[in-house]
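So the chains spell out like this:
Protein chains: 2
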Amino acid sequence: MTPLCRTAILGFGTVGSAVARRLITDRQDFQLTRILDRRAAIKRDGFAAATVAWTTCIDDILSSDVDVVVEAIGGVEPAAEWIRAALNAGKSVVTANKQLMARHGDALLRLAERQGRQLRFEAAVGGAMPIVRAIGDGLAGDRLTRIVAILNGTTNAVLSRMEASGCSMADALDDARSCGYAEADPSADLDGLDAAAKLAIVCGLAFGLRVDPSQIPTRTCATIGASDFAAARAAGNTLRQLAQAHYDRATSTLTISVAPALVPRDSVFGRAAGPQNAAVITGEYSGDTSMTGTGAGGDATAVAILADITAIARDRSAIVPAPALNVDFRLQTQDCSVPFAISPFRVEHRLAEAV
Amino acid sequence: MTPLCRTAILGFGTVGSAVARRLITDRQDFQLTRILDRRAAIKRDGFAAATVAWTTCIDDILSSDVDVVVEAIGGVEPAAEWIRAALNAGKSVVTANKQLMARHGDALLRLAERQGRQLRFEAAVGGAMPIVRAIGDGLAGDRLTRIVAILNGTTNAVLSRMEASGCSMADALDDARSCGYAEADPSADLDGLDAAAKLAIVCGLAFGLRVDPSQIPTRTCATIGASDFAAARAAGNTLRQLAQAHYDRATSTLTISVAPALVPRDSVFGRAAGPQNAAVITGEYSGDTSMTGTGAGGDATAVAILADITAIARDRSAIVPAPALNVDFRLQTQDCSVPFAISPFRVEHRLAEAV
Numbered sequence: 001m002t003p004l005c006r007t008a009i010l011g012f013g014t015v016g017s018a019v020a021r022r023l024i025t026d027r028q029d030f031q032l033t034r035i036l037d038r039r040a041a042i043k044r045d046g047f048a049a050a051t052v053a054w055t056t057c058i059d060d061i062l063s064s065d066v067d068v069v070v071e072a073i074g075g076v077e078p079a080a081e082w083i084r085a086a087l088n089a090g091k092s093v094v095t096a097n098k099q100l101m102a103r104h105g106d107a108l109l110r111l112a113e114r115q116g117r118q119l120r121f122e123a124a125v126g127g128a129m130p131i132v133r134a135i136g137d138g139l140a141g142d143r144l145t146r147i148v149a150i151l152n153g154t155t156n157a158v159l160s161r162m163e164a165s166g167c168s169m170a171d172a173l174d175d176a177r178s179c180g181y182a183e184a185d186p187s188a189d190l191d192g193l194d195a196a197a198k199l200a201i202v203c204g205l206a207f208g209l210r211v212d213p214s215q216i217p218t219r220t221c222a223t224i225g226a227s228d229f230a231a232a233r234a235a236g237n238t239l240r241q242l243a244q245a246h247y248d249r250a251t252s253t254l255t256i257s258v259a260p261a262l263v264p265r266d267s268v269f270g271r272a273a274g275p276q277n278a279a280v281i282t283g284e285y286s287g288d289t290s291m292t293g294t295g296a297g298g299d300a301t302a303v304a305i306l307a308d309i310t311a312i313a314r315d316r317s318a319i320v321p322a323p324a325l326n327v328d329f330r331l332q333t334q335d336c337s338v339p340f341a342i343s344p345f346r347v348e349h350r351l352a353e354a355v
Numbered sequence: 001m002t003p004l005c006r007t008a009i010l011g012f013g014t015v016g017s018a019v020a021r022r023l024i025t026d027r028q029d030f031q032l033t034r035i036l037d038r039r040a041a042i043k044r045d046g047f048a049a050a051t052v053a054w055t056t057c058i059d060d061i062l063s064s065d066v067d068v069v070v071e072a073i074g075g076v077e078p079a080a081e082w083i084r085a086a087l088n089a090g091k092s093v094v095t096a097n098k099q100l101m102a103r104h105g106d107a108l109l110r111l112a113e114r115q116g117r118q119l120r121f122e123a124a125v126g127g128a129m130p131i132v133r134a135i136g137d138g139l140a141g142d143r144l145t146r147i148v149a150i151l152n153g154t155t156n157a158v159l160s161r162m163e164a165s166g167c168s169m170a171d172a173l174d175d176a177r178s179c180g181y182a183e184a185d186p187s188a189d190l191d192g193l194d195a196a197a198k199l200a201i202v203c204g205l206a207f208g209l210r211v212d213p214s215q216i217p218t219r220t221c222a223t224i225g226a227s228d229f230a231a232a233r234a235a236g237n238t239l240r241q242l243a244q245a246h247y248d249r250a251t252s253t254l255t256i257s258v259a260p261a262l263v264p265r266d267s268v269f270g271r272a273a274g275p276q277n278a279a280v281i282t283g284e285y286s287g288d289t290s291m292t293g294t295g296a297g298g299d300a301t302a303v304a305i306l307a308d309i310t311a312i313a314r315d316r317s318a319i320v321p322a323p324a325l326n327v328d329f330r331l332q333t334q335d336c337s338v339p340f341a342i343s344p345f346r347v348e349h350r351l352a353e354a355v
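So the protein sequences, as listed, match chains A and B.
Reading the first sequence from the start, the letters are residues 1 to 355 in the numbering used here.
Reading the second sequence from the start, the letters are residues 1 to 355 in the numbering used here.
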């Protein structure tokens, strides 16, 4: 009988509250004992769980007997400082924080390794789509060369809504907000900064490269209008925000961008609807591997977080790789001045014509 | 600096030789030291590697200093006996053997756990498509309810060839043999026995159920002719071999089958061409997650095997879950007497209409 895994949650927003509900209702192998939220006094009234102690102070978590800390506050600080403190206090950490992992992931992973603890981050990229394990573990036996992916569920919900209804971006944004997929200010999603952080994490896993997310060229999706979809449709295409990274190992050149792209309507990208994410991962030996899955929302993100807590509970002394990321490569600037990026037609054709 | 991971390969066929080439050419972190093959005297001449000792005797492997044994001989015996002996001798084991894992997987996983060693089997299902990790790790934070999948690359290569060219099954089989995707006797592939073994493994990972592969209802694809494809095409469909498992947790009822099925041509299944595999995994919280990837061939299978060796080398004392599989469920007999199974239209529509 494995001892109960005592868990704390930092941040009781959409993701943190979804994790809390799952831990209380259907995971008897875990015990949720602490929740930190700066508005604990208000939020505790809406969440009835006798075993949970609420706090506004990180020291209450650090000095407690919790085994795993779930970081769901978002943003770089104080999340980075708190994760560092939790690892130093002997806790393992699960995070959904892409900005943090893109900027400080390798240093925090090395700290976790030194501490004999784990830092897991499946939820930081792709929501429930298990792309971190697919690239970091399942395809670790290949030499990967290319990732083409939809990594922002909010933007995909907006664009696929415009495609399906012919509505304006403003109306599609209102719809996404009412479904809980978009925040009041969606610019980090539409402008590509969210996807760029996720793509930087993916480049570390896939190519062993340390990519500064602020150096990834981006072009916004915010200016796309109904007429752009009409024009795309006439040629059998639609528009999606694509994150693309191609690593030429012979010349150590990384070509990378996040931008709106024309994609065939019947492709894995064109078919991604609502908050779905999608990815095509290309390797020298395995060819193309594709994935799709629910990329946004509390329940989907909680699935990835619970998967990581499960992994920690199964094997408390597991080693999560802390690779020494390579910085010795050439970053090729992708031209993001054109309205729509080059569509990954070749990807699609290779998938369709594999016979 | 991690010490070199010394590796032995049992069986120098399509898969074993692909693994050997990869270990020799581009994985300096592993050292291939032993190869066992019953025709070692002949095969060693075609493989120049000074560090490798060839043998026909399993005791030479067991008494050697290898850390990891790759089992690539296939079939249940002597593979099961040799894996048991290797674990008892303190080796970790990586296998691509679905028949073995479907029948003896849980007992062997428990033995590995008792020995403090690892038994990994990503290559047993899906080739390079990392479905074992997706279900067993990445989606372990959900309550999974359904798997619909193409799990046999040979049958898919044959059926998609018939679809694309209008040729007979005999001609498509000749073509698949010349590409190395089909053996002289393809009946285990076409009849569904290979996919049934893989589906049994998947049911253990996804639902925690111990399914006897011989109890899975199957219907052969061998009788499908060119006229069946023509009739399917007229309705926008095509034919694929689908492995399906639906677990109703409320009634503990598992409905399961492997049979030819009508699928929409533009679905993730209809688009799977050549030796590709595909899967749609449904969970209560994450909805549908889909994957596609190269499901057959030495290079693709070697990717999954190298991923498993990499995982062992990263963390020599990692715990691979050995779940206590539940046998207390009702197996619902799917009607396989109809020519083509019920198509998973609902899966497709949910994917397409998620907006």
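These are calculated hints, taken from the structure and not from any lab test.
Do not rely on the hints blindly, as some may be mistaken.
Here chain B is said to cover these stretches of chain A; the calculated rule only asks that three of the stretch's residues, wherever they fall, bring their Cβ under 8 Å from a Cβ of chain B [what the hints assert, rightly or not]:
| # | stretch |
| --- | --- |
| 1 | 129-135 |
| 2 | 139-152 |
| 3 | 179-191 |
| 4 | 302-312 |
All C-beta atoms in this analysis are idealised placements derived from N, C-alpha and C, irrespective of residue type, glycine included.
Coverage criterion applied to the stretch 302-312 of chain A (partner chain B; beta-carbon cut 8 Å; 3 residues): holds (count 10)
Coverage criterion applied to the stretch 129-135 of chain A (partner chain B; beta-carbon cut 8 Å; 3 residues): holds (count 5)
Given coverage of the stretch 179-191 of chain A by chain B, checked by CB-CB distance under 8 Å (3 or more): violated (count 0)
Outcome, coverage hint (the stretch 139-152 of chain A, chain B; C-beta under 8 Å; three residues): n = 5 at 8 Å, threshold three: holds.
Going through the hint list in order, the structure does not satisfy hint 3, though it satisfies all others.
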